[in-house]
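Visitor: Chains as they are written, first to last, in the numbering used here: chain C, -4 to 375; chain P, 16 to 388; chain X, 141 to 462.
Simulated from the structure, these hints should not be mistaken for laboratory data.
Do not take every clue at face value.
Examples of chain X residues lying across from chain C (beta carbon under 7 Å, computed) [said to hold, decoys possible]:
id: 1; residue: Asn303
id: 2; residue: Phe375
id: 3; residue: Val428
Positions of the beta carbon are idealized from the N, C-alpha and C atoms, including for glycine.
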Amino acid sequence: MSAYKPLGSRIVTPPFIALGVIAAIGFFFLAMRFIYGMGSVTNLNGAHAWGIWVVYDVVVGTAFACGGYALAITVYVLNKGKYHPLIRPALLASLLGYALGGLGAFFDMGRWWQFYNILLPWNWNFNSVMLEVGLCVLTYILVLVIEFSPAVLEHFGAKKLLAVLNKMLFFFIAIGVLLPTMHQSSLGSLLIAMGYKVNPLWQTWQLQPLLALLTALCMGFSIVVFEGSFATAGLRRPSETPLLKGLGMAIVGLLGAFLAVRFITLLVQGKLGLLFAFDFASFMFLVETVLFVVPLVILLSPKRRENGGQLLIAAVSMLLGGALYRFDAFLITFAPGVGYSYFPSVPEIMVTVGLIAFEIMAYLVLVKLFPVMHDAGHEA
Amino acid sequence: MNEHDIERLERRLGMSRRDFMKFFAGLAATMGLSSFAAEAMAEAVAVQRKRPVVIWLHGQECTGPSETLLRAEHPTLERLLLDMISLDYHQTLDTGAGHQVEAAKEASMAANKGQYLLVVEGSIPTKDGGIYCKIANKTMLEHTKEAAENAAAIIAFGSCASWGGVQSSGPNPTEAKGVHEILPGKTVVNLPGCPPNPYNFLATVMHFLTFGKLPALDAQGRPLFAYGRLIHENCYRRPHFDAGRFAEEFGDEGHKQGYCLYKLGCKGPETYANCSVIEFNDISGGTWPIGVGHPCFGCAEKGVGFTKPLFSLADVKTHTPPAMFPEISQRQGSSGVGTGAALLTGAVVGAVVGATAMAAKKLNSTGDSDKQG
Amino acid sequence: MKRRDFLKAAIGGTAVVALGEAEARANLEPAPEAMGMLYDSTLCIGCKACVSACKQTNGMPPVIEEGNPQFDSARDLSGDTLNVIKVYLNGKGEHKDTVSDGYAFEKRSCMHCVDPGCVSVCPVTAMRRDPKTGIVSYHADACIGCRNCTMGCPYNVPQFQYNQPFGQISKCQMCNQAGVGRIDKGGMTACSEVCPTGATLFGPRDALMKEAKRRLALKAGEVTQFPRGDIRHPFHPHEKAAATYQQHVWGEKEAGGTNVLHISAIPFDQLGMPPLGERSAASISEGVQHGLYSYLALPAVALAGLTYLVRRNTNGHKEGEE
């Protein structure tokens, strides 16, 4: 009945065990954070209150998890049904990405035992971008659970529930498009209140939400290409290059728009000169731009677009560029004042790396147990 | 210094060799000199066949400097004056009087031309030709200039002689001045203080006798060994200042606890002197103003003592801010880049790029079949 | 309406609203009875009485670093330090209040912004600006510890207690927090009370601004009286010659102004003050946020459109089948 099938292959493989070891190290340091306080694990200080736990796990990690969002727009809003086979793995990756982003936000919360305060309406501060991000991300995780639940329900054969769910699913899909639009743009808006601390090349003030949203969409499409490619290469799935190359065109359009907005903003705000300052910030900006131009060059050529390897390189370059854009703005060129510096500690990095490892493990287990991957045979 | 010298010395001073060396060790320490210097000084006194001649003048003053010297214990006054130096003229200590003494002074000055030490205490009035202070029908102005003419060294002892002292503060009706002001071009050692510390005087004299030259002086002619630092810098109440603990008024809890007296107007932070190190005379037991719970008056500092109100706040002249003040750029817990963390970051980025490259290669190898399929 | 047109309209509308409304909110104005402090760097003697009084009043431990167990070694604000005296040092560091080869003291503590960034960004209203006094207070019972306040503060003032498993944000609340309440009782801050020279002076913002401007108008070397304690009923004043002031009252206009004002003989950028314009970042951020989300109108319209489209498009391939 379903177009999706579990992979069913062996779960415990050597790479899986390796990932498990990395995850265990991460969880060890995470335990330390709860027992001795954040200072014992992180390098956070008086001005760098947000380290990689916020910037990777939440700001970059949720952008990496925009595959479900990007495909939902493509399939359900723009009605491109041919991409439907990609949607379940993308939703799963989004769910895992967002769940870990939420988890990251939770253990990064200094007063985590009071996290429920953000749910109490009498506490809400409607001026706060953070409130919007927090509530949207939380809600979106629930929406993702609902959007993904057909796979689980199918596995357990809960047909009745499935039927009910399918009747209402359109509404959740609509919310599932709205919410990431809101909070992904707000992740950019978070930078506005930081004012001068954000390097002028990244502090675009009112355009922060638009630029953040455009990169999130680019990264969403890229992650679908990335996952598809690795599924082909790693899980011996049939090649999805013909489908993926179409997404490539979406990336070209969005990325072009992003670069145009970005450079026009710099021009209008009179900051183009800063590009030729030949300082650290202008160098980082150059690296970013190169990472953004590589996918443009690859994807604009029909021949290269056909090539799965080239497509993957374009997607990874886009992902790295998008991630770097956010890292630069929040961390790398973030300058809160003389004397402040931050570089994550080893335990801090290990917590994040451990979580990523855990995320990959969960993905592998779920695609092997539940009907997530599109059944190529079914379609043929 | 041979055995003979020492025996002679012991006889002369009625002082054991041990006590004698102890005294010079103390003096050397006052100046921050080594034990070699102490021996050298001892030798200078012991071997000296003729005691150095001192001419001591008094201007407008209260005899405070002489009084403080009278109370010195190392050595006692009679030992110093009768055995160690030859005090040929001193108006308040001389037994003789009148023309006799004046004649003795002039004879001594002539006999020891260019070799005697001139010590002045008290300020010198300059208004109306200096008529407001006359001795033996000569103004103090004339006496001082005359005696300075052939002196080997000139020491202004006490604040009055150093910079005018109490008489020079407004309205200064006699236009009182310090010694160096009326002897332009001459080197005058200023030992201000009201009263000045006798050990700074003795140390200066012994330094001159031993090394044949004056100790290093600051811009105001004060020996650096005694006046190189603020009272505040070596004050034992300083830790209270650094911790913000102040006596708010006399007799309050902070005052009883020995807190810093800055808020009561202590001028230690703007007065250069070594009171906080050697205290006053040999009374010991913390006997000096700050030691007994009174704010420093700044008696030794021109423009402070007799000029600023007693209980007004001092200008803190912390020339070198203590290292305990964090600089603007010092932050709590700002970390550099850890080697391990940098390597790890590199490894993570490398893993992503490497995995991408491998996957891309794999996809390329299956690329042809895709196109056909 | 065609789908394409709808999307176009939606995107266009969003952009117009975002850019148009973004300028809507101006800086906040000082509270009607704004209380504050005036820190005069030229009067500061670096005794740190304010630092120790602050720790006592707020019940905070000293920062002990290795090698110096006798003194509080706080180098900057932290979870255990709300107020710290720092030093500007240049070259030989010989002359006070001189830019080259000089030194000067600078106080680091909450500036109590007129348009506080921390209050604007806090999702759970744990940072509050008192409507009457303008004092910016912190409420741990609401706080979730996200530390957006630190990020949104132009001065990096709110500090999380990273060294504790159950920490909270630490910041100066002008000695008016529950259990202390000095200002409500008509008193003054502990740091102003103990300051021996009046370098930290407490009082209404208006009066302090006037006093700051009076000092800036003084000729260098002119002897004048400096009030101490609370400017409304000062202690016995401190008489001193005026320093060569920079003609700049920090906190008059910076990012909407602050209730804690600073004056100094050293340019403020060299004292670690941030590069701020007159517009507060909070006002820009709130402008964007309200432009996009006022009454959730825009999201509601978008959701309606999206629901319509998704419904129509899913009907075609329902049940996941194509």
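Visitor: List, from low to high, the hint numbers that the structure doesn't satisfy.
Guide: 2
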